[in-house]
Amino acid sequence: MSEDLFDIKIDDLSFKNPIALAPMGGITDSRFANEFAKDAGLVILGGYNLDAATNLAASEMAKRGRKEFFSDEPLKLIENELGSVKTESVVAINLRSSTLEPLIEAARMAKNANAIIEIDAHCRQPEMIRIGVGEALLRDLSKLQDTIRKVKATGVIVSVKVRANVIDNIKMAKAIEDAGADILHVDAMKKGSGADMETIRKIRDATRLLLIGNNSVTDFDTAKEMFTRGADMVSVGRGVMEDPSLISSLVKEVTLLQQEIGWYNSPKHVCRGEGDLRGLAFCCLPVKPCPVHSNIKKIGLSAKEFADIKMEFAKGTPLEYGDSTCFGSLVWCCKITKMCPLRDGVLETIGLSDAEYMKLKRQLADHILDHPKVTGK
Numbered sequence: 189m190s191e192d193l194f195d196i197k198i199d200d201l202s203f204k205n206p207i208a209l210a211p212m213g214g215i216t217d218s219r220f221a222n223e224f225a226k227d228a229g230l231v232i233l234g235g236y237n238l239d240a241a242t243n244l245a246a247s248e249m250a251k252r253g254r255k256e257f258f259s260d261e262p263l264k265l266i267e268n269e270l271g272s273v274k275t276e277s278v279v280a281i282n283l284r285s286s287t288l289e290p291l292i293e294a295a296r297m298a299k300n301a302n303a304i305i306e307i308d309a310h311c312r313q314p315e316m317i318r319i320g321v322g323e324a325l326l327r328d329l330s331k332l333q334d335t336i337r338k339v340k341a342t343g344v345i346v347s348v349k350v351r352a353n354v355i356d357n358i359k360m361a362k363a364i365e366d367a368g369a370d371i372l373h374v375d376a377m378k379k380g381s382g383a384d385m386e387t388i389r390k391i392r393d394a395t396r397l398l399l400i401g402n403n404s405v406t407d408f409d410t411a412k413e414m415f416t417r418g419a420d421m422v423s424v425g426r427g428v429m430e431d432p433s434l435i436s437s438l439v440k441e442v443t444l445l446q447q448e449i450g451w452y453n454s455p456k457h458v459c460r461g462e463g464d465l466r467g468l469a470f471c472c473l474p475v476k477p478c479p480v481h482s483n484i485k486k487i488g489l490s491a492k493e494f495a496d497i498k499m500e501f502a503k504g505t506p507l508e509y510g511d512s513t514c515f516g517s518l519v520w521c522c523k524i525t526k527m528c529p530l531r532d533g534v535l536e537t538i539g540l541s542d543a544e545y546m547k548l549k550r551q552l553a554d555h556i557l558d559h560p561k562v563t564g565k
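In the working numbering, the protein residues as written are 189 to 565.
Keep in mind that a hint or two might mislead.
Unchecked claim - With a straight-line cut-off of 20 Å between C-alpha atoms, the simulated SDA-like cross-links for lysine to any residue are:
#, residue 1, residue 2
1, Lys299, Leu270
2, Lys476, Gly425
3, Lys456, Cys528
4, Lys299, Lys362
5, Lys226, Gly425
6, Lys390, Glu500
7, Lys359, Gly343
8, Lys476, Thr443
9, Lys274, Ser202
10, Lys547, Thr443
11, Lys362, Gly488
12, Lys331, Arg351
13, Lys264, Ala241
14, Lys338, Gly320
15, Lys561, Ala502
16, Lys331, Lys378
As the list claims (entries may be wrong) - Quick list of simulated restraints, FRET-style, between CB atoms:
#, residue 1, residue 2, range
17, Lys378, Leu263, 35 to 45 Å
18, Glu462, Asn353, 16 to 26 Å
19, Thr525, Asp356, 28 to 38 Å
20, Asp511, Glu223, 19 to 29 Å
21, Ser482, Ala250, 42 to 52 Å
22, Glu462, Asp192, 50 to 60 Å
23, Glu536, Thr563, 46 to 56 Å
24, Ser482, Asp192, 49 to 59 Å
None of these hints come from the bench; they were simulated from the model.
C-beta atoms are modelled at their ideal positions from N, C-alpha and C, and glycine is treated no differently.
Full structure from sequences and hints, please.
Structure (structure tokens):
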């Protein structure tokens with residue numbers, strides 16, 4: 189399968205698809221990844237414990253029945269694990285440490301292995317919270333930011349795994365991005381059961397980091413819902429233990445979707461109140477009362493500026509065609525999954541496939557959100 193099909197890249201790493209194996213303490217090691225995640229675009233090993241304090245905490249957790257990794261030689265374990273994954277997936281390693289030095293050393297190992305470091309700001313077990321790691325880092329954002337900056341200084345790609353709805357989600361996402369992380373891995377946990385899809389959407393609108401959605405992904409419908417709310421990738425954990433073929437099944441489904449429509453995580457329309465800001469690529473010309481106005485206001489654009497940015501992008505591309513559409517150009521047309529004879533007639537006339545149309549819309553979404561007027565650059 190071509191890695192270019194999805195075009196998910198960070199620096200020199202390219203993910204063959206948007207399905208990831210999530211870290212699970214005491215479970216997700218190289219053996220588990222090799223057995224159950226050979227088709228994944230990303231495997232995240234761990235969480236592993238790097239110093240005496242976290243290893244002691246893990247051993248205490250194990251005494252009450254939890255599965256955990258602990259070792260007398262944690263850095264040696266990390267080195268062995270990074271070299272033992274036999275899949276063609278990108279590898280990340282989820283780590284906990286109450287001290288910075290082991291994280292820096294592990295980051296150097298990961299960089300040399302062309303792997304990713306994932307800082308665990310997610311574990312909520314009291315033994316870890318008491319020593320200031322896991323979820324405790326979310327309540328000390330300055331410490332988390334300092335850790336990210338120093339780990340990133342090694343040149344490694346940095347992911348941070350977090351639990352949603354512990355602190356203000358937007359403040360958290362912006363702090364992690366500002367510190368220089370590359371990936372935000374969000375356990376979209378909510379009270380009751382299921383994933384908090386609205387949180388995924390709001391975090392997507394707050395950051396341009398590569399976003400991995402996690403929680404309750406046990407079938408493609410749930411994965412697709414996360415994708416439409418802005419997740420670039422989804423990660424699965426417990427579901428793999430219940431269904432060993434889950435990752436392969438999700439990869440197959442998302443590959444078919446990408447081949448069919450060209451933008452596997454295309455957003456819902458913003459006029460429905462469910463789409464993230466990338467959905468502005470599908471909005472009509474802003475000439476009547478509509479949620480487009482409140483959404484362009486979020487990114488600091490006037491109606492005219494928004495229209496000018498879209499028309500600027502359309503010039504010289506197939507999106508400038510469409511005299512017979514509602515607003516005279518495909519740049520104003522909706523998502524391919526919504527029926528529209530006018531749009532489809534133009535696509536047929538100019539010989540543009542559904543997938544090619546949606547790829548252009550994806551580029552348009554990036555053009556809008558990366559525009560200097562929006563970013564302030």
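To see whether the hints hold, each was checked on the structure:
| no. | hint | result |
| --- | --- | --- |
| 1 | Lys299 <-> Leu270 | 11 Å, holds |
| 2 | Lys476 <-> Gly425 | 45 Å, violated |
| 3 | Lys456 <-> Cys528 | 16 Å, holds |
| 4 | Lys299 <-> Lys362 | 25 Å, violated |
| 5 | Lys226 <-> Gly425 | 14 Å, holds |
| 6 | Lys390 <-> Glu500 | 27 Å, violated |
| 7 | Lys359 <-> Gly343 | 25 Å, violated |
| 8 | Lys476 <-> Thr443 | 38 Å, violated |
| 9 | Lys274 <-> Ser202 | 17 Å, holds |
| 10 | Lys547 <-> Thr443 | 15 Å, holds |
| 11 | Lys362 <-> Gly488 | 17 Å, holds |
| 12 | Lys331 <-> Arg351 | 17 Å, holds |
| 13 | Lys264 <-> Ala241 | 17 Å, holds |
| 14 | Lys338 <-> Gly320 | 17 Å, holds |
| 15 | Lys561 <-> Ala502 | 18 Å, holds |
| 16 | Lys331 <-> Lys378 | 25 Å, violated |
| 17 | Lys378 <-> Leu263: 35 to 45 Å | 36 Å, holds |
| 18 | Glu462 <-> Asn353: 16 to 26 Å | 19 Å, holds |
| 19 | Thr525 <-> Asp356: 28 to 38 Å | 33 Å, holds |
| 20 | Asp511 <-> Glu223: 19 to 29 Å | 56 Å, violated |
| 21 | Ser482 <-> Ala250: 42 to 52 Å | 50 Å, holds |
| 22 | Glu462 <-> Asp192: 50 to 60 Å | 30 Å, violated |
| 23 | Glu536 <-> Thr563: 46 to 56 Å | 36 Å, violated |
| 24 | Ser482 <-> Asp192: 49 to 59 Å | 36 Å, violated |
Hints 2, 4, 6, 7, 8, 16, 20, 22, 23 and 24, counting from the list given before, are not met by this structure.
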